[in-house]
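**Student:** What follows is the residue order along each chain.
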Amino acid sequence: MWEVCQQQAQAGSPELQEALLNKIVCLPDHVSNKLQGKNPAVFFPQNYFPLLGGAVIQVLQKISDSLRGGLDCSISFVSHVLGKVCVHGRQKEILSVLVPRLTDLTKSDCIWQRICWRLVECVPDRWMEAVVLGFVQRAPGADVLSRLLGNLVVKNKKAQFVVTQKVLLLQYCHTTAVLQNLLGYLSLDSLRRALLIKVLQELLETWGSSSAVKHSPPEQQQYISKAILICLSHLKEPEIESCRQELLTSMMEGVKCHLDSNLPQIRRLGMIVAESISSKINTDGPVLKFQYEEDDEARELKSLLVQTPPSCVVPSLPDDNRNEKADAAPPLVLESNKKSHTTALVMSDEESDAELDSDDDLIPYDMSEDKELKIKAPVYIRDCIEVLTGSEDVDKWEATVKTLESLVRKNPAATREVSVELAKILLHLEEKTCIEGFVELRQRAQVAVLSTDPIPVAKYLTSQFYSLNYSLRQRMDILDVLVLAAQELSYPKSHRKTKHSGAQNPCIQLLPGSDSSKDWRRIVDERIKSKTRRFATGQSQAELASGPNEFNSVVGHFFFPLIQHFDRPLTTFDLLGEDHFVLGRLVHTLAILMYLAVNTVAVTAMGKALLEFVWALRFHTDSYVRQGLLSCISSMLLSVPTERLLQDMTEELLETQSWLGDVVEKDPDGDCRRLALQNLLLMENLKKKLKTVPS
Amino acid sequence: MALPPPDPQFVLRGTSAAVHTLHFSCGGQEPGVPTLFSGSENGFIHVWNLKTHRVDTELDGHGRKSVYCVETIGSKNRLLSQGRDQRICLWDLAEGRTSVTDSVFTENVGFCRCSLLKVAEGRWLVAMAAKALEEVQVLELPSKTSVCTLKPEVGAKLGMPMCLKLWQLNCGSQPLLLAGYEDGSVVLWNLSMGKVLSQLVCHQEPVMSLDFDSEKAKGISGSSEKVLSIWSLNEQQNLQVYKTHKLVNAGIADITIRPDKKILATAGWDHRIRIFGWKKLKPLAVLDYHTATVHCVSFSDHKNPSERLLAAGSKDHRISIWSIYTQT
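Residue numbers (numbering that gives the first Met the number 0), protein chains in the order written: chain D, 0 to 694; chain H, 0 to 327.
Some hints could be false.
Which chain H residues face chain D? A few, computed with CB under 10 angstroms, are given here [as the list claims (entries may be wrong)]:
id, residue
1, Thr97
2, Ile229
3, Ile274
4, Gly276
Calculated cross-link-like contacts (lysine-lysine; reagent style DSS-like; alpha-carbon spacing at most 27 angstroms) [what the hints assert, rightly or not]:
id, chain 1, residue 1, chain 2, residue 2
5, D, Lys370, H, Lys225
6, H, Lys314, D, Lys401
7, H, Lys64, D, Lys370
8, H, Lys130, D, Lys370
Facing chain H, according to a computed beta carbon distance under 10 angstroms, are these residues of chain D, among others [what the hints assert, rightly or not]:
id, residue
9, Pro363
10, Asp365
11, Met366
12, Glu368
13, Leu372
By construction, these hints were calculated from the structure, which means they are not laboratory data.
Being a predicted model, the structure only gives us computed values, none of them experimental.
Note that the Cβ used here is the ideal one computed from N, Cα and C, for glycine as well.
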């Protein structure tokens, strides 16, 4: 190689160069082809290319010596070698040798730096991407990258495209460290900073576009959010000043799209990025604050915002420190959603004794527990109704709310007399005073009323679901209550006490979380798993206590009214339009009701109705709704007896099967694809089961 | 650093109904088992053996109507009980018998507990609320002859008598009656003349219970409000309020002073028993064990001071026995 470079000063023949290049780079392949099994170890690619890398370093050394000596050399052959090796996929091996050596060599020697820059600049365009990507991934830090690549991005169009567009917007497989390297590199030189701002604008544009939020996978959105946060951390004051207005507009648009989404992860990403942007542009004055769950992901994202200044002097510092939280006081005040500790009762142990009388030598005991007695709650249901509707006495109201559920359960006969009235009151009950767990108390009371007198209360609730002038929260309350009561009714009595653990605990978010659907999906998944592995060796579980399924007689009243009016929009409530969040919850509710209806008489009719419902909505754009539809199909396949499925619903099943196949291949959402695959497997298993059963 | 209040020494269970009245009989001359009598809402009187903590005998004499007063007449074999069947029954319990020897038909539908006083050997006086609304009747036992009827004057508007206490200064003197009424006043009656000696308004609400210390001529009354009232009797037989004490929660069902006059106990509607020093009404302890309102408290009459007990009966069907301040 050295001779070729020396010769370069004079014109060498391009064909010779080409041939040489080919041979050098493809040597391992040729040798192994010839020698087949007897290839010596040195020609294995993982050994050969590092060796080649070593050779390249030696050549570069000689070049640098000769340059110092005043002689001119051409480095382009080496660049070609490097480029070809990288594009053949051997970046890792060759750069594993090159990058550390070059890092050391370029530390203080500017001739070496220039050599390095020339090296990468001379790589032909068609191989530039591979080389640049390799360097970006391998470089231990942004400043090292800056030394190695120099102003390549400014000089070379292809490099610029790769760095600013391809890595950031079109790929999302890279780690956070790579992003840090890249964006840090862009920020280190004044020529490149213009690119940094341009990059930030494009990232924000993507972040804020509603179609991107809807259709791109969550991993990509997270990647873009990380990139935005890192860019923000690099920006200096004057730059922020200049693009403040743009930042503000894009933030507002972006926040809107993100909060509109059904997936909690996307909402949280939007909230974190918006908070960060707002804190950057309004350093004094009120900043945007959201409430969301803090967990590792959120903390990691926030830590990206604070950059430790690059330490140019001390080279031995491991660059991992950059990603950890800075010791310098962060400019943000992070608001967390942690629950405040319940204040312990203030107990004064000291007794204020009167002076001991000489005659009276009786020592008092500790009486600090002697406090006022609480207000008694009413003991009759009708009294409860009175208190909840009319009373001004807040203590009594509080006590009533707390005891209502147990009263309802203890007096089923009395409850049945006033069940619809009680349901109406509970649906409209607002929080008068600050009770802990008010939402849960109200919900449990509603569930108790519904389980005690299912038919009229279910009629009332389902009719109210489609009525005017209810808030989204109330409509979703109705759905939750129906599900919980259905769950309670369908389980044998001995299980009733333990089942409350699965009840809702909605977190206080801007929009309520969909935790219950995850819970249920897990249960359905487990059931699918247990079904697909069944052998004919008898029961593996212990017999559970059995009792009559009370859900049997009322399941129709729960299910069919919910399905009836979904396509009729009202002035304040449009399921197929804006209120797709409620539609998603409705679909999940129907899936759960279907699941619980196993072994009931109405299950076949329900299955048919559900399948038609799913068919009408199968192309809905919201991924949460689609996931719900797929869970509906799972529930239906699990609950409706196989014979009925295959007899009454054959054509629909076939249509559904082809739709499921489509979803598996083409749906952008990973969860949808997985659910569709499970459904297909279920169907296969059902068919197999029927075939194996002797008719 | 004050100690936490003690736990009950033991708890008697098995009445299966709210306990309304308690009476100890432990200090008798004859050798025997220390006994506690309890009257419950289901009409039974239980005789508890305090050594085995079990019911020895169950007496059914009031037709399943609530028994709200139980007292021994002289010895533990003679018992008096008062129930909501408008009767006062006298029992003979010697040698294992459980028979009602005599009964008095009071025709009174109220809740006022009768009061018993021994005036001479073999003679007792019993004061009880009479048929007419505001009257108190005093009978002599065992002859059941009426001694007097105490009628407040017209227009006094005292209401029903709520609690009674017969006392005499010493064994030969005149017996007197303290009665607490529905309007919150305590009245001192002279029995021989049947006249009011003194009247004092202690409470705004009905007087639920009272007790009197004849040596110090001081008494205490509790009502359905939050105040305990201590009053004294001066030489002219006039009642005066001595002091009041405010409680944390409203409602006192029963008050009793220990026979050695050192401490007193109150039974509260807030499920708590409070102990006070009698000298200055210093709060000494709050015993929080029961889960429903405490209906009655009673001190035992053990001869040996260290064995003394306090019993409390509550609506939660339990009787708690405490050993508290027994060293003095």
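**Student:** Checked against the structure, which of the hints given earlier come out wrong?
**Tutor:** 1, 2, 7, 8
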